[in-house]
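There are 2 protein chains.
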Amino acid sequence: MQSKQLFDPNSSTYSYLIWDEKTQEAALIDSVREQVERDSKLIQELGLNLHFLLETHIHADHVTGAGELRKRFEAKVAVHRNSQSTCADQLLEEGDSLTLGKQTINVLYTPGHTDTDICYRIEGAVFTGDTLMIRSSGRTDFQSGDAGAAYDSITKKLFSLEDKTIVWPGHDYQGLTQSSIGEEKQHNPRLAGKSRQEYIEIMESMDLPKPRHIAESVPGNLRCGIDKS
Amino acid sequence: MQSKQLFDPNSSTYSYLIWDEKTQEAALIDSVREQVERDSKLIQELGLNLHFLLETHIHADHVTGAGELRKRFEAKVAVHRNSQSTCADQLLEEGDSLTLGKQTINVLYTPGHTDTDICYRIEGAVFTGDTLMIRSSGRTDFQSGDAGAAYDSITKKLFSLEDKTIVWPGHDYQGLTQSSIGEEKQHNPRLAGKSRQEYIEIMESMDLPKPRHIAESVPGNLRCGIDKS
Chain A
14 MQSKQLFDPN SSTYSYLIWD EKTQEAALID SVREQVERDS KLIQELGLNL
64 HFLLETHIHA DHVTGAGELR KRFEAKVAVH RNSQSTCADQ LLEEGDSLTL
114 GKQTINVLYT PGHTDTDICY RIEGAVFTGD TLMIRSSGRT DFQSGDAGAA
164 YDSITKKLFS LEDKTIVWPG HDYQGLTQSS IGEEKQHNPR LAGKSRQEYI
214 EIMESMDLPK PRHIAESVPG NLRCGIDKS
Chain B
14 MQSKQLFDPN SSTYSYLIWD EKTQEAALID SVREQVERDS KLIQELGLNL
64 HFLLETHIHA DHVTGAGELR KRFEAKVAVH RNSQSTCADQ LLEEGDSLTL
114 GKQTINVLYT PGHTDTDICY RIEGAVFTGD TLMIRSSGRT DFQSGDAGAA
164 YDSITKKLFS LEDKTIVWPG HDYQGLTQSS IGEEKQHNPR LAGKSRQEYI
214 EIMESMDLPK PRHIAESVPG NLRCGIDKS
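Chains A and B, in that order, give the protein sequences.
Taking our numbering, I'd label the letters of the first sequence as residues 14 to 242.
Taking our numbering, I'd label the letters of the second sequence as residues 14 to 242.
What the hints contain is simulated information worked out from the structure, not anything from laboratory work.
None of the values given here were measured: they were computed from a predicted structure.
Take the hints with a grain of salt, since some may be wrong.
Pairs of lysine-lysine, DSS-like flavour, derived with a Cα cap of 30 Å [what the hints assert, rightly or not]: (1) B/Lys-35 with A/Lys-198; (2) A/Lys-241 with A/Lys-54; (3) A/Lys-54 with B/Lys-169; (4) A/Lys-17 with A/Lys-115; (5) A/Lys-54 with B/Lys-17; (6) A/Lys-17 with B/Lys-198.
Same shape as in the complex, but just chain A (with noise of 0.2 Å):
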């Protein structure tokens, strides 16, 4: 499996291109609206045939480019099934698999951060927006998040991956681009050593601001970024 890791500095939004080298088969994971021309033409300078679009979860904070790339690449719009999207073409569901080629894409469902979360596993890598974050974990105070449900997704569904496993977050604000299983498990502040009682009290204890473009962003993204008409 072949992957590029593409950067949205507005949102800080990591997407990310996984391809079959064999066959070409491509899959755009997280991809952002204002995007949408960088990636169309990656897309086919690399000469892929994007069969989907994947979202790890209905996000608060971007807009995806899905609709707008779905027209132009015919590729499958899916979410998971949670979610109240009126313009997906798959709903996913924890113990889905896509495929591309011979390589095969599993579907984890990981609720917390909001209840439509889904981690993407891959050959070696897991692809884990905003469940799982380089030394963070994403916030769990508005769309159904759940700070206990968080704690069990990654400690009981991620933490069970291989230590190597390399994580592919869906953010990182510091310049971070990549981690591992081994590397979170140790070294991620808010779980290394933690019991789910004190994750919730961490969680629950931050006092952040509403991401400054949830109104827009909520409803867009249930419409696949496609602007009602």
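Could you slot chain B onto chain A? The hints should help.
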């Protein structure tokens, strides 16, 4: 060889931490002074023995963290011998090699952006600094820049590497993170199908403002980022 790409958003600089996973011997390529705390913490968390602080050239757009990191880790600072560096421990030239455990880092002298450019080649990848960037290349209008020399460095040295060699650039301004020699041969708009003379004309027709911080960055980098006292 293991590696992590690191990003400094202020200067859009990529640094690279690379290490041999058996011996934990490590090098940091193109560190940024403002990121010394982040990078020190990461090196410590990963349990790495930092041996080298490598520069791809004397930068005009940011100040290196090499001098400060050398104090903390006792690593050697290495730059090209053409630089007027007053602080480097090792002066490199074409054909030199450095080792990290059983891994070899080959020094390619690739003048053109400046007269101090090095690309570091290692196991299927090349760290290209500002010599070759993603669909782009370094400007050639100061610091002994020379568009013809840049064309020769790229087309004769870098483009003779295997097409699948990963290109890790020194900067990107669009959120792209990596490329390959094959991709750049085929899609770099300044180079694909372009003659040496056409490249020179492209580079000379650019009307770029001077880097904002050049007056402090170049002398700062000649002192490895350590302030005069």
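Now the hints, each set against the structure:
no., hint, verdict
1, B/Lys-35 with A/Lys-198, "21 Å, holds"
2, A/Lys-241 with A/Lys-54, "26 Å, holds"
3, A/Lys-54 with B/Lys-169, "27 Å, holds"
4, A/Lys-17 with A/Lys-115, "19 Å, holds"
5, A/Lys-54 with B/Lys-17, "26 Å, holds"
6, A/Lys-17 with B/Lys-198, "18 Å, holds"
In the structure shown, no violation is registered for any of the earlier numbered hints.
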